[in-house]
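Student: Following the hints, complete the assembly by docking chain P onto the known chain U.
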Amino acid sequence: MSYFTGIDIGSTASKVVVLDESGVVDRFVLPTGWSSKETAAAIADRLSESGRPVDGDMKVVATGYGRVSVEYAARTVTEITCHGRGGYALLGRSCTIVDIGGQDTKVITVEDGLPSSFLMNDKCSAGTGKFLEIMANRLGVDLGELFALAERGEPLAISSMCTVFAESEVISHIGAGERREDIAAGVVDSVVSKVAGLCARHGLKGDVLLTGGLCDCAYLVKRLSQRLGTAVYTDPMGRYAGALGAALIARGGKGRKP
Amino acid sequence: MEKMDLKLPANFETYNEARQKGFLRMKEMKEQGARVVGMFCSFVPVELIYAAGALPVGLCAFTEEPIPAAEADLPRNLCPLIKASYGFALTDTCPYFYFSDFVVGETTCDGKKKMFELMNEIKDTYVMQLPHSRDAQALAFWREQIIAFQKKLEEFYGITITEEDIRAAIRLKNRERDVMRRYLELGQLNPVAMSGYEMGTRVDAGSFSFDLEQRCSEVEKRTAEVLADWEANYKGKPTDRPRLLVTGCPNAGVREKIIRAVEEMGADVVAFDTCNGIREKVEKVDESDPDVYNALARKYLNINCSVMSPNESRREYIGAMIDSYQVDGVIEIVLQSCHTYDVEAHFIKRFVTQEKGIPYLNIETDYSQADKGQINTRLAAFLETIEK
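Read top to bottom, the protein sequences are chains U and P.
Using the numbering used here, you'd call the opening residue of the first sequence number 1 and step up by one each time.
Using the numbering used here, you'd call the opening residue of the second sequence number 1001 and step up by one each time.
Everything labelled a hint here was simulated from the structure, so no lab data went into it.
No incorrect hints appear here.
Calculated lysine to aspartate or glutamate pairs in the EDC-like style (CA-CA distance at most 16 angstroms, straight line):
hint	chain 1	residue 1	chain 2	residue 2
1	U	Lys123	P	Glu1364
2	U	Lys37	U	Glu71
3	U	Lys123	P	Asp1366
Extracted from the complex, chain P is given alone in its bound form:
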C-alpha cells in the first residue's frame, strides 16, 4: 500500500510542541501566583477547580521515556499510561506535575488507584472515590465525593467556594464542551474536512491553553476555517477513502503509530469515542438542576468509560456515531493490561460487527515502537477488508 502524506495546516503544532509551549505559559502564570491542580482523567469535576480560582492541568502520561524508571517501583505488566504518569512524576520530567500545588486522582481502574498511593509519596495526591455504577446509591455517593473534593480545595487554598462560583464555572465549561463538540462533529462532513490526526491532536493540545475563554475562541476560529475550506474545496467531491471510528483507551501515546499510520495508508479517521473525543462532551452539566452537586455528579457518572459496569451506553453512543459520521469500520485501541477496555471489547466487537454490520479491528499495544511493523500489517489488512 502506498504511503501518502497527511494534509496538515501550515501552522500545525504537534501535541509535544503544544505541551512544551504550555510549560512556559504555566511558569509565567505560576510566577504571578496562579493556583494549579494536576489531574489525569476526565472524571475529575474541573468545574470545582475553576470555581476555586485554580487551573486544572492534564499531567504528562503519553510517552515512553519515563516508563523504565517507573518499572523500578511498579510491575511491568501494567498499562503504559499508568507507568508513564508515575514515571514522569518520579523522574520529575513533567513541568506540569512540578507546577501543580497538588494532584487529584480518581479510582477509575485498579492500576491507577494503587499507583496514586505511590504518587502520594512524591506529591500530595488527593483521590476521589469513583463508584463504578450509575444507580441511585452510586449517584449519592459520588455527590458526596464531589462535596468532599470542594472541601479539599477550600482547605488547601484557605478559601470559600460559593454556589455562584460553581455555577459560573459550569456555564463556562459547558460552553467549552459545546465548542469542542462542534469542532469534533466536523468529522461528520463527507468527504472529510481534516485528518483525524489533526482533530485529535488539536483537542489534546487545547488542554495546554489554560484560559478557557481563549481556548474556546481558538477552537471556534479553527472550526470556522476548516468549514470554509471544506465548502470551497471539498464539498460535493466524494472520495473512496474508508471512514473510520476510533474507540477504546486514551490514544495520545499511540496516535502516530495507529491514527497517523492508517490515514497515511488511505483511510480517514472521522470519529473518536475516546477520552479525547466526543465522550466527555456529549452530555453537559444540567444548569437548571437546583442541586448543583447532583448536576455535577450525574454528568460525570454518565461518562461512558469502560470502568463503569454495566456500560451499555457506550455501545449506544458508538452506534449513533457510526450512523451520524457514516463510518465504514471501527478500530478499537486497547493499551496493554487495560483490563476494563480489553474485556469490554468483546461486547464492542459483537455490537459493531453483528448489530451495525461493519468491520472491527482490535489493536492491543503500548507506547513502544516495537510492534510498528505488525500494526502496519494489521491496519493495511483491515483496510483491504473494507475496500471491496
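Bound conformation, chain U alone:
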C-alpha cells in the first residue's frame, strides 16, 4: 500500500495527514516545541508506530515554517500553496482561505484548486494566534477559556497596532478594574479587526474558509463573519488544511485538481 503524508510544521503546532489512494487514513497534531528537527523525528516515530514508516512505501511533502527541518521529505512546498490546496479540497469550490496561524496570518485566493494570489501579515504578531496566546496569558486563562469569557463580554477597545503596546492596553484595563469578560471580548475583536483589514486589502472572492488552529473557536468565527459581512465556513479538518494540501501534493504532483 502506498501512503502520501503531509507534514505542516507550524510555529506552535505540527500537523500531520496521511493519505492512501482513497482518502485520509491518519491525522495527528504535536506541539512543535523548540526544535523543528526533533519534532520531525517524533513525527517519524509516530508514523512507524502506526505501521507506516517514512522509509517504507511513503512519499512525504513538508510545509510550514519548519519545512526545511523535515529531512525525510521528498519535497518542500510553502504553506500558502498547501493551505490553498487543502482548503480547496475541504470546501470543494473556488474560495478565499483565511489562515490565522501562530506567527502569521494569510489570505489566499484559490481558483480552480490552486492559489492564484495571497497576502501575508508576517512582520507583526498583531492579528495572529500569538497575540491571543499572549493576551490569554496576561488574563491568566488558556485559549479555550479566553473565548468562553469573550462570549459573555462586551468588547473593550484595544486599538494598538502592536502586540507589545496592546498588552499595555490590556494591563491598563486590568488596572482600571474592567471585567475580564469585556477585556477578553476586546482581545478577540482586536484580532478579528486586524484579520478583516488584511482581507479588505487583499479582496475576497467566493466563500470564505477559515483554516488554522483557531477555526474550531465558534466565537471567533462568529465575530469574523459579522465583521466581514459574509458567512465564514469552517471544517473539522480545518486545522489540518496545510498538512492535507501537502499530502495531496505528495499524492497528485502538481495537477490542478486534488
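Tutor: Frame of chain U, contents of chain P only:
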C-alpha cells in the same frame, strides 16, 4: 524548493567590490585635480556636471551599517535609503562623499528633502527643487531650476559653461543611455542570456567607472559577449523558469535577499522598471531642441518615478515591458516608509493583475536581514502560483 547557484561570469565583480575599486580610481583622479559632484538620484541633470568638466558620482546609500548612527538624528521610521545616505555622510565612511566638492540633492520625496537640510551641515548640499507634475508650469519651473544649477556649478568652480559644452555632454550621455538600454534589453531574450542579478549589479557598478566613454565600451563589450554566448549555448532551448519583472524602489540594498534569492529558487529576473533599470534610459534628451534647457527639463521631468503625480506613464512603461520581455510575474519592492511607491503600488497591482492578467507580489522591506526567512516564503509561494 531546491536552491541552485546562479551562473555568473568568471570575472564577476559584486557591487561592493566595484564600489571599493572605484575609491582608488577616484582618489587618483582627485589628486590630479578632478572636480567631483556627489549625487543620489537620477533626476539630477548630470549633463551639466559633465559640461562643467566635473564628474558626477553616486553616493553610498545601500547598506545597513551607517543606519544606527543616522538614527541618532533622523526618525527611525524613515526609508533605509535616506537613513543610509545620511549615515554614510555622518560617519564619514563613504569615500565618494569625502571626495565630493559639494553634493547636489533634489526634492524628490519629503524624507530626502528634509534630510538634505541636515546633510548640508556636514557638507555643502545644493538642492534642486523638483516639481511633482509634468504640466507647462512645472516644466517652466524645472527649466529655471536647471539654469540655477548651472549657475551654482559656474560660481562654485569659477568657470563659464557654454551651450556647446552642454550639447557635447548631452550627446555623450545620450550615447551612454543607448548603450545601457541595449544591455538591459538583453533581458528580452528568451531563454535568458544572463541573470537579473548580474544585469542589475553591472548597471550599478558601471557608475563607478567614471569615464563615460570607457563605461560605454565596457558595457558594449559585455553586451556582445552575452549575446554571442546566448547564440551559441541557449538560443532555441526554452526553459520553464518563470520570467519576472522587478519594479519599485531602488533595489541595490536588497538585491541579495530578493533578486538573487528568487533567481536561486528557479525564476529569471528579466526586466527592471527601477532607477537602476530602464527607467531613466528609455527617453533621451532631445538633441534637436533649440532650447537646450527645455530639452533637459523635459527629459528629466518625464522620468516615471512615483514622486510624480499623477504618474500613469509608469503603468504604460510596465505594460509595454511585460509584453516585450515576455513577463510571467511582477515583483514590486517597496522600501519601508517610502510613501510614494507604497501608495502607488495600489495602481500597479491593479494594472498588473487586472489589465495584464499576471501575478503580482509586493514586498515591503529594509536593508536588514531580519525578514529574510519571511521573504523566502513569499517568493517561493509566489513562484508556486506562477508554476501551474
